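Asker: Residues per chain are reported as follows:
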Amino acid sequence: GAGVSQSPSNKVTEKGKDVELRCDPISGHTALYWYRQSLGQGLEFLIYFQGNSAPDKSGLPSDRFSAERTGGSVSTLTIQRTQQEDSAVYLCASSLGRAGANVLTFGAGSRLTVL
Amino acid sequence: AQSVAQPEDQVNVAEGNPLTVKCTYSVSGNPYLFWYVQYPNRGLQFLLKYITGDNLVKGSYGFEAEFNKSQTSFHLKKPSALVSDSALYFCAVRAGSGGSYIPTFGRGTSLIVHP
Numbered sequence: 001g002a003g004v005s006q007s008p009s010n011k012v013t014e015k016g017k018d019v020e021l022r023c024d025p026i027s028g029h030t031a032l033y034w035y036r037q038s039l040g041q042g043l044e045f046l047i048y049f050q051g052n053s054a055p056d057k058s059g060l061p062s063d064r065f066s067a068e069r070t071g072g073s074v075s076t077l078t079i080q081r082t083q084q085e086d087s088a089v090y091l092c093a094s095s096l097g098r099a100g101a102n103v104l105t106f107g108a109g110s111r112l113t114v115l
Numbered sequence: 001a002q003s004v005a006q007p008e009d010q011v012n013v014a015e016g017n018p019l020t021v022k023c024t025y026s027v028s029g030n031p032y033l034f035w036y037v038q039y040p041n042r043g044l045q046f047l048l049k050y051i052t053g054d055n056l057v058k059g060s061y062g063f064e065a066e067f068n069k070s071q072t073s074f075h076l077k078k079p080s081a082l083v084s085d086s087a088l089y090f091c092a093v094r095a096g097s098g099g100s101y102i103p104t105f106g107r108g109t110s111l112i113v114h115p
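Chains A and B supply the protein sequences, listed in that same order. Okay, so the first sequence: first residue is 1 according to the numbering used here, each after it adds one. Okay, so the second sequence: first residue is 1 according to the numbering used here, each after it adds one.
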């Protein structure tokens, strides 16, 4: 597509529920990133996918968080048993790949509110 | 480990005056440096990047940034600020080679341009 698409744009859930956030990257972009943006915390790296390589999960804050990328395209970030501290904007970005200084193209984000 | 510091949470400037948003970084080896801007309720957009070559980099919307290796800084500048420049600005760094392909972002600086 023309840009990075994320859904839902807003999600309100109750503590303890599971949520899934979707990211559709730019066609042809082999690298896909998930970041979390919390008020006053900047952008926190969560997970990175590059082609068919094993993902870099070093930023996932707990085992309640997981992500997959199917067919090298669409990615889903899943948060199980949500907690209030999970409330944030979840940003997805894609880039052409890791070679060179590739610029990230970001989606508009999914705002998660855990009550 | 790589890191970025944006020492100012907020910068206030009058329209027509020059602006500077500060950024310092830490990374192994040569850095790739980036500035992104986030307008209200929108995703991050790329402004400019430094890879190699001239220390003064020019980007979108009249912005420029100066790479200073000795001070490990990459301050964002604009000669004459516009009210429409009001937004959240993020500096990011990644290692140029042999290191992580994952950019690390700063906490962001809110730029407010007063009419």
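FYI, nobody ran anything at the bench for these hints, they're computed from the structure. Don't take each hint at face value.
Stated by the list, open to error - If you want the footprint, here are the derived chain A segments under chain B, 3+ residues with CB under 8 Å:
| no. | stretch |
| --- | --- |
| 1 | 13 to 22 |
| 2 | 28 to 42 |
| 3 | 48 to 56 |
Claimed, not checked - Some but not every residue of chain B turned toward chain A, in silico, with C-beta under 10 Å:
| no. | residue |
| --- | --- |
| 4 | Q38 |
| 5 | L44 |
| 6 | F46 |
| 7 | K49 |
| 8 | G62 |
| 9 | L82 |
| 10 | S86 |
| 11 | F90 |
| 12 | S100 |
| 13 | Y101 |
| 14 | T104 |
| 15 | F105 |
| 16 | G106 |
| 17 | R107 |
What the hints assert, rightly or not - If you want a taste of the chain B side facing chain A, the calculated C-beta under 7 Å gives, among others:
| no. | residue |
| --- | --- |
| 18 | P7 |
| 19 | G43 |
| 20 | I112 |
As the structure is a computational prediction, the values presented were derived from the model and not from experiment. Yeah, the Cβ is synthetic: ideal placement off N, Cα and C, and Gly gets one too.
Asker: Taking the hints in turn, state whether each one holds.
Answerer: Consistency of the hints with the structure:
no.: 1; hint: 13 to 22; verdict: violated (count 0)
no.: 2; hint: 28 to 42; verdict: holds (count 6)
no.: 3; hint: 48 to 56; verdict: holds (count 3)
no.: 4; hint: Q38; verdict: holds, 8 Å
no.: 5; hint: L44; verdict: holds, 4 Å
no.: 6; hint: F46; verdict: holds, 5 Å
no.: 7; hint: K49; verdict: holds, 6 Å
no.: 8; hint: G62; verdict: violated, 19 Å
no.: 9; hint: L82; verdict: violated, 23 Å
no.: 10; hint: S86; verdict: violated, 18 Å
no.: 11; hint: F90; verdict: holds, 7 Å
no.: 12; hint: S100; verdict: holds, 8 Å
no.: 13; hint: Y101; verdict: holds, 4 Å
no.: 14; hint: T104; verdict: holds, 7 Å
no.: 15; hint: F105; verdict: holds, 4 Å
no.: 16; hint: G106; verdict: holds, 6 Å
no.: 17; hint: R107; verdict: holds, 4 Å
no.: 18; hint: P7; verdict: violated, 13 Å
no.: 19; hint: G43; verdict: holds, 4 Å
no.: 20; hint: I112; verdict: violated, 16 Å
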